[in-house]
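*Asks:* These protein sequence lines map, in sequence, to chains A and B. Residues 41 to 152 in the working numbering are what the first sequence spells out, letter by letter. Residues -18 to 91 in the working numbering are what the second sequence spells out, letter by letter.
Since the hints were derived computationally from the structure, they do not count as laboratory data. Misleading hints may appear alongside valid ones.
Each computed BS3-like pair below joins lysine-lysine, with the alpha-carbon atoms no more than 27 Å apart [stated by the list, open to error]: (1) K52/B / K140/A; (2) K97/A / K52/B; (3) K97/A / K38/B; (4) K140/A / K39/B; (5) K51/A / K39/B; (6) K140/A / K49/B; (7) K38/B / K140/A; (8) K23/B / K140/A; (9) K39/B / K97/A; (10) K51/A / K3/B; (11) K38/B / K110/A; (12) K49/B / K23/B; (13) K110/A / K3/B; (14) K97/A / K140/A.
So, partial list: chain A residues that the calculated Cβ filter (under 7 Å) puts toward chain B [as the list claims (entries may be wrong)]: (15) G82; (16) K97; (17) R137; (18) D138; (19) F143; (20) Q148; (21) S150; (22) V151.
Note that beta-carbon positions come from the ideal geometry of N, C-alpha and C, so glycine has one too.
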Amino acid sequence: DAGITQSPRHKVTETGTPVTLRCHQTENHRYMYWYRQDPGHGLRLIHYSYGVKDTDKGEVSDGYSVSRSKTEDFLLTLESATSSQTSVYFCATQRDRDEKLFFGSGTQLSVL
Amino acid sequence: GENVEQHPSTLSVQEGDSAVIKCTYSDSASNYFPWYKQELGKRPQLIIDIRSNVGEKKDQRIAVTLNKTAKHFSLHITETQPEDSAVYFCAASSNNDMRFGAGTRLTVKP
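Please construct the entire structure, taking both the sequences and the accompanying hints into account.
*Replies:* What follows is the structure, encoded as structure tokens:
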């Protein structure tokens, strides 16, 4: 797979705390995405980026923010974590529009 | 935005049989339709994709068909093997907004 590293791999946090997930890629792909995966819902797009400092909302963006200050890094922040944000979070990269996505290994986040 | 529906949610077949998974989409501007396979505890990985200017694509035991008029596309797996057991996701992409179906859990019984 394209060199995509997500950190942390697992995290347990308390309701109301801020959480930041990191996605790092070494492939110089222009596009980066954050998805969450929940049973019965497949993969739902949270936010995506089409270049440094260029981001846009996906279908489930409420309660999340993102930043991309460098091509290789895409950060997802839960401003005040809630139990409904317990999920598996996948980062993905894409070399160009309408091409295959390369996924990271995922982050299991539990909000208690 | 795009809405992708996928059926069935679970599918069980006997080894050697064929499996078919169907998806519909809502946005007529969608022009890229990938299929991903996800094994338990692993990341999704692309198995085949098709673009809107093509009606069918085949790769060994896997084929995908696209009907743009009806806005549906299907994954066909022939001669299924136990290692085909996984969750399969379809997706449709329009203006870099890639939406996924809810997934189909395929079980191939030996």
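*Asks:* Now look at each hint and say whether the structure bears it out.
*Replies:* Going through the hints against the structure:
1. K52/B / K140/A: Within the cut-off at roughly 20 Å; holds.
2. K97/A / K52/B: holds (25 Å)
3. K97/A / K38/B: violated (32 Å)
4. K140/A / K39/B: holds (17 Å)
5. K51/A / K39/B: Judged against 27 Å, a Cα distance of about 41 Å means the pair is violated.
6. K140/A / K49/B: Between K140/A and K49/B the Cα gap is close to 20 Å, so the pair holds against 27 Å.
7. K38/B / K140/A: holds (15 Å)
8. K23/B / K140/A: It holds: about 17 Å lies between the C-alpha atoms, which stays within 27 Å.
9. K39/B / K97/A: Violated, at about 34 Å.
10. K51/A / K3/B: Distance of about 35 Å is beyond 27 Å: violated.
11. K38/B / K110/A: violated (37 Å)
12. K49/B / K23/B: Not OK: K49/B and K23/B at ~31 Å, beyond 27 Å, violated.
13. K110/A / K3/B: At roughly 39 Å apart (the allowed maximum being 27 Å), K3/B and K110/A break the hint.
14. K97/A / K140/A: The given pair, whose Cα atoms are some 20 Å apart, holds under the 27 Å limit.
15. G82: With a minimum Cβ separation of about 4 Å from chain B (threshold 7 Å), the hint on G82/A holds.
16. K97: violated (10 Å)
17. R137: Hint on R137/A: holds, closest Cβ of chain B at ~5 Å, below 7 Å.
18. D138: Holds, about 4 Å.
19. F143: Status holds, d = 4 Å.
20. Q148: violated (10 Å)
21. S150: violated (16 Å)
22. V151: Since the shortest Cβ distance to chain B is 21 Å, the answer is violated.
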